[in-house]
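Q: Take the given structure of chain A and dock chain B to it, following the hints.
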Amino acid sequence: MKLAIEVRGVTKRFGTLQALDRVDLAIAEGEFFALLGPNGAGKTTLISILAGLSRADDGEARVMGYDVTVDYREARRSLGVVPQELVFDPFFTVRETLRIQSGYFGLRRNDAWIDEIIDNLDLGAKADTNMRSLSGGMKRRVLVAQALVHRPPVIILDEPTAGVDVELRQGLWDFVRRLNRDGHTIVLTTHYLQEAETLCNRVAMLKQGRVVALDTTRNLLAGVSGTHLRLRLSPDRLPHALLPMLVRQDGAEWVLAIHRHAQITEVLLALRDDGIEVVELQLQQPDLEEAFVSIVGGG
Amino acid sequence: MTGFRTLLYKELLRFWKVAFQTIGAPILTALLYLLVFSHVLEDRVQVYPGVPYTAFLIPGLAMMSLLQNAFANSSSSLIQSKITGNIIFILLPPLSHGEFYWAYVVAAVVRGLAVGFGVYCINFVTVALPVLHPLWALAFALFGGAILGSMGLIAGIWAEKFDQLAGFQNFVIVPLTFLSGVFYSIHSLPPFWQAVSHLNPFFYMIDGFRFGFFGESDVAPVVSLGVVVACFAALSLVALQMIRSGYKLRH
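Those protein sequence lines, which keep their order, are chains A and B. Numbering-wise (this note's numbering), the first sequence opens with residue 1 and increments by one. Numbering-wise (this note's numbering), the second sequence opens with residue 1 and increments by one.
In short, the hints are calculated from the structure, not lab data. A few of these clues could be false.
Subject to a maximum C-alpha distance of 16 Å in a straight line, what follows is the list of computed EDC-like cross-link-like pairs (lysine to aspartate or glutamate) [claimed, not checked]:
id	chain 1	residue 1	chain 2	residue 2
1	B	Lys17	A	Glu96
2	B	Lys82	B	Glu160
3	B	Lys82	A	Glu85
4	A	Lys139	A	Asp122
One chain only, chain A, in its complex shape:
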């Protein structure tokens, strides 16, 4: 199994802030991988190190086997990055931007592929429009296009759907899925955990610069304690007997963990015995958000 990304003992400090603390990570070729964590966990720093935008204080990072500092040219050729911030060059049109980006990677006569990306990202109508005149969503599409212009085997998308409408999000994911099927390795950071859950086969969770979980999405979901029963009660209190099942309180909602559906009857009986009325009841399957909250602890 060839590794698309390999990070060993990577440490990075900004002043007194330990942004990354001996991070190890191996992502195989062809994976669809999610990098999750609260703000400030070190996701973007890790991506920056892989992309050569930042330099690690210690440890080593490789992309497709190329060290990001020693073989920086090969490593960068192998990597496409969609940055988190909405940046653009106001002097150029969409097509100029993509041609120029293509040239930076040493590619001339890349128009057929540029046209294909433009089509796939629905940029056709705006291809000759100046970047300044595009909406935020359109600019985001151009950023994605720029990252793909040199057909990199590894693609990192740092919050690509932040502030993007549903339609683009769907189109973008269809396109990225296709790239993944064609053999591209995809690494994704996102705040929409549902996206990570449906798209990614493996997940790493970062907290305060450390990897706190690294597993397949399926295993992480299995690790979450059973199904959740969400209840709104009147009066708003939980009988003593049910306290051992309590996971947490979400505002006015009591979240209980149940392992067998028969437990629902037990809960309802205990409530009735205490004279508590059920205002609302919801059964929730475990999702990545639950896993995230239980591992990373909110934040």
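A: Using the frame of chain A, we list chain B on its own:
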């Protein structure tokens, strides 16, 4: 090479798209200097025998504009890219350190030459200007532009805010170009200020450039060229080292 060519093309396109500001405006400024100074001094000052003051002034103004605009090109491009964040498009690709350096410097030289040539063309409507040694003039124009392009690159990488860059430009570049003998021969200065002028590398650029036109100069052109080439070599080493180390570019 494609990487270098593309970055160069992008840098050229960048100033070309706003040529009115980047080429037209500095030519107009130089023309205004020329009108005012030649009107006031034409009958009072003669620096070289037989050379009218207006003719003396044109090469100096052309070189001053060339130098200032070469500096402005690389420095403003970099600081804008850094502040808007689009520098990332240049940092992510596999451009070599040399490609990065030369693309910015060559673009700066081209803009400098375009402005300088525009100022030079004023002579066609004002006063006949000889060009006795065009190759000398060209050599100084190229090296002068490359020096200022490199300085612009260094300042653009170093500066974090527009004011820092403006400070560098207003307190270093403008005084050094103004006090380099554009408007006078340093032989007209008291001995102390003559000696100080010899410490200003811009003096050698202007003086050598002017030699290309009149075949006369304050310092032998070979000496000036030596100083200019040495300055260029030193500055390119500094700039390349900054790019290689990722100073203020890669954190």
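Q: It remains to establish, for every hint, whether it holds in the given structure.
A: Hint check:
For a cut-off of 16 Å, the pair hint linking lysine 17 of chain B to glutamate 96 of chain A stands: about 13 Å separates their Cα positions. A distance of roughly 8 Å separates the Cα atoms of lysine 82 of chain B and glutamate 160 of chain B; the hinted pair therefore holds under the 16 Å criterion. Taking the CA atoms of lysine 82 of chain B and glutamate 85 of chain A, the gap is about 13 Å. The hint holds against a cut of 16 Å. Between lysine 139 of chain A and aspartate 122 of chain A the alpha-carbon distance is near 12 Å, which keeps this suggested pair within the 16 Å criterion.
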